[in-house]
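> Here's the letter readout for the chains.
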Amino acid sequence: MSSDKLLSVENLAVEFDTYGGTVQAVRDVSFAVDAGETLAVVGESGCGKSVTVQSVMGLIPMPPGRITSGTAKLRGRNILGNPIVGGEDIRGAEIGMIFQDPMTSLNPTMNIGDQIAETLEVHRGFTAKQAFNRAVELLEMVRIPEAAKRAKQYPFEFSGGMLQRAMIATAIACEPAVLIADEPTTALDVTIQAQILDLMNDLKRDTNMAIILITHDLGVVARMADEVAVMYAGQIVEKGAVDDVFYRSAHPYTLGLRAAMPVNDREAEHRLTPIDGSPPDLFHPPKGCGYCARCPAAMKVCNDVVPPEFAMSDTTDHFSRCFLQHPESSAVRLDGLYRKEVSA
Amino acid sequence: MWRYTAKRLIQGVITVWFIATATFAAMHMVPGDPLASEKAVSAEIRANLEAKYGLDKPVFQQYLIYLGNLARGDFGISFTQKNREVNDIIREHFPVSATLGLLAVTFAGLGGVLWGALTALYRNRLPDIIIMFLVILGISVPSFVVAAISQLGLVNLNNLLGFNVLPVGGWGTVSHMIVPALVLGLSTMAYLTRLMRSSMLEIINSDFVRTAKAKGLPPTRIFTKHQLRNAVLPVITVLGPAIAAITTGGFVVELVFAIPGLGRYFVEAVQQLDYTVIMGTTVFYGAFLVFMVIAVDVVYGLIDPRVRLD
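Protein chains in written order, with the working numbering: chain L, 1 to 344; chain H, 1001 to 1310.
Only chain L is shown next, with the shape it has when bound in the complex (with noise of 0.2 Å):
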């Protein structure tokens, strides 16, 4: 449907094999981001986020993990599933990457700007030394002060929103197509937060690159995103534009995620509703739907048939996976779930 995008990823299914058995982690993902956009993935921890673009990278170690299904496609081309080596031109070069824990995501031994300069060398045939001036310039783009200085030091020697800083220099050098932030903030207290994002939008606009940005902070959602996917138990359950997602949420999973997040409204009577119970187990995930467990308006069908997506609209992409879409269903109540207004 949208292989005319920058990238696009259908029918993904991810597994991995453990002592226990055999883990579904991803289970038949698609979605597609284009230039200039901003797509945010939001789950739960063990929901498959990470693990669906880290297929799209390659960084799947193979084995334990198996790719069994579906395509990636960067302007029409497949990635998926390329061998190890074969990646080298997509990962770094076309598709950068930054990650949760910048602490550890840097080499201890090796100074901040080499770590830049080196994707340069490699991508881009540069000279050590016209890759590590770039490599100043990159730190500069990022708003590190003295960067000339700054490049000569290890990462020991800087703080945390300064090292994700250097992240983002290192995955933005070789100007990629596509940015994908696994948690890019999880570690970084709020107002450093705030800076990184800011750095991410303002980059964006220069830059005119994709951004998916995984996440399970709402708000980072609210202030990043342009669409919206929802996770749950290796699959996308809710997906459409951020307003769509977050006004008119079409599953009670987002339904249950916004009544998990703290407001900031003094005035408003707002307790925070934790979701119950956990999320399925999937080494034998449910035959119906992931949810069904936890959903407060869980149907006999729920248990038994995965539901398919139900358009919410006629004219946008927001879709639901959810039987209380179904039309024959309507009698089912569930307080604040949107549903497509039937036209007569």
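Quick caveat, the hints were computed from the structure, so don't treat them as lab data. Heads up, a few of these hints could be off.
As the list claims (entries may be wrong) - Pair by pair, the computed Cβ-Cβ distance ranges are:
no. : chain 1 : residue 1 : chain 2 : residue 2 : range
1   : L       : ASN78     : H       : ASN1156   : 56 to 64 Å
2   : H       : GLN1011   : L       : PHE283    : 55 to 63 Å
3   : H       : ARG1123   : L       : THR207    : 34 to 42 Å
4   : H       : VAL1155   : L       : THR18     : 48 to 56 Å
5   : H       : THR1237   : L       : GLY219    : 40 to 48 Å
6   : H       : TYR1300   : L       : ALA148    : 40 to 48 Å
Stated by the list, open to error - Simulated crosslink set (PhoX-like; lysine-lysine; CA at most 20 Å straight-line):
no. : chain 1 : residue 1 : chain 2 : residue 2
7   : L       : LYS5      : L       : LYS73
8   : L       : LYS129    : H       : LYS1225
9   : L       : LYS152    : H       : LYS1225
10  : L       : LYS5      : L       : LYS204
11  : L       : LYS300    : L       : LYS287
12  : L       : LYS149    : L       : LYS129
Said to hold, decoys possible - Just so you have them, the derived chain L footprint on chain H, three or more residues with Cβ under 8 Å:
no. : region
13  : 1093 to 1107
14  : 1226 to 1235
Fair warning: this is a prediction, and the values are worked out from it, not measured in the lab. Quick reminder that beta carbons are idealized off the backbone N, C-alpha and C, glycines included.
With the hints as your guide, set chain H onto chain L.
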């Protein structure tokens, strides 16, 4: 870094002084008399020695004389070998032991890093299983057994081929050194292999190696610049004590391969209560090892930027 090195050297001198004092105290607590051993010395030598070392004087005075001589670099004259200065013994035989020891450490270090990295990359596959089996053998079989077996193997090999591939014993050329150095370094190599393997396994799964992959670096570059350099740090840490173990543990290997090293004189001197030779070689070995440990620490600081040498 220079300040750090100077500080460590001063500490080293103090350590050596402790070693010297402890050796001196130990020698005077051991019953017996070097001049009354079976190789009885003539009355003339005995009188000269007693005059020089003041063996009839109070112990504390003897200690001061001993320290004074040490400070001048004079280890004295052997009590039991006629006309042999301890300095001569060290000068003649230490280079042999040191060459053998350093060669063994080089084998152990390079081999340990190489095999350790290899086993980690082939974790739980055939190369890993074979090498780790050999490592267990290398750690548990004592060096005199390995020395004897390797000699036997060499003899058979030389007989089979009809010419000397490598000499079975003796000292002189590089070909004499190879087998004894391998035998001497074997158990350390096995130990370093285990250490390197576990350190490498940790590094392979580390976040920054994942970052290096995400940057699209070729595997060889990831291996050399990101994995090896970080994985080798714990190996370097234990290299100091390893040098100590190898250079002092060389006696057996020197004996089996008929190598004229310092170890033999050291052990013979202990049996004969040859005060000056024991104290001289002990202090000399002590100083050598302290210096090697300092050198390893300084090298560590060069490789790991987090170790601030000041």
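> For the region 1226 to 1235 of chain H, does the count of residues with a C-beta closer than 8 Å to a C-beta of chain L reach 3?
Coverage by chain L holds for the region 1226 to 1235 of chain H (4 residues, Cβ < 8 Å).
> Within 20 Å, alpha carbon to alpha carbon, are LYS129/L and LYS1225/H?
The given pair, whose Cα atoms are some 18 Å apart, holds under the 20 Å limit.
> Confirm or reject the claim that THR1237/H and GLY219/L have a C-beta distance inside 40 to 48 Å.
holds (45 Å)
> Against chain L, does the region 1093 to 1107 of chain H show at least 3 residues with beta-carbon separation below 8 Å?
violated (count 0)
> Does LYS204/L lie within 20 Å of LYS5/L when you go C-alpha to C-alpha?
holds (17 Å)
> Between ASN78/L and ASN1156/H, does the C-beta distance stay in 56 to 64 Å?
At roughly 60 Å between Cβ atoms, ASN1156/H and ASN78/L fall inside 56 to 64 Å, so the hint holds.
> Need the status of pair LYS152/L, LYS1225/H: alpha-carbon distance at most 20 Å?
holds (16 Å)
> Given a hinted range of 55 to 63 Å, is it respected by the beta-carbon distance of GLN1011/H and PHE283/L?
Check passed, 57 Å falls within 55 to 63 Å.
> Take a quick look at whether LYS149/L and LYS129/L sit within 20 Å of each other, Cα to Cα.
holds (15 Å)
> In this structure, is the beta-carbon distance linking ARG1123/H and THR207/L contained in 34 to 42 Å?
holds (40 Å)
> Would the pair LYS300/L and LYS287/L pass a check requiring their Cα atoms to be no farther apart than 20 Å?
Holds, at roughly 12 Å.
> Given the hinted pair LYS5/L and LYS73/L, is their alpha-carbon gap at most 20 Å?
Cα-Cα ~9 Å, so holds.
Checked against the numbered hints given earlier, the structure breaks hints 6, 13 and satisfies all the rest.
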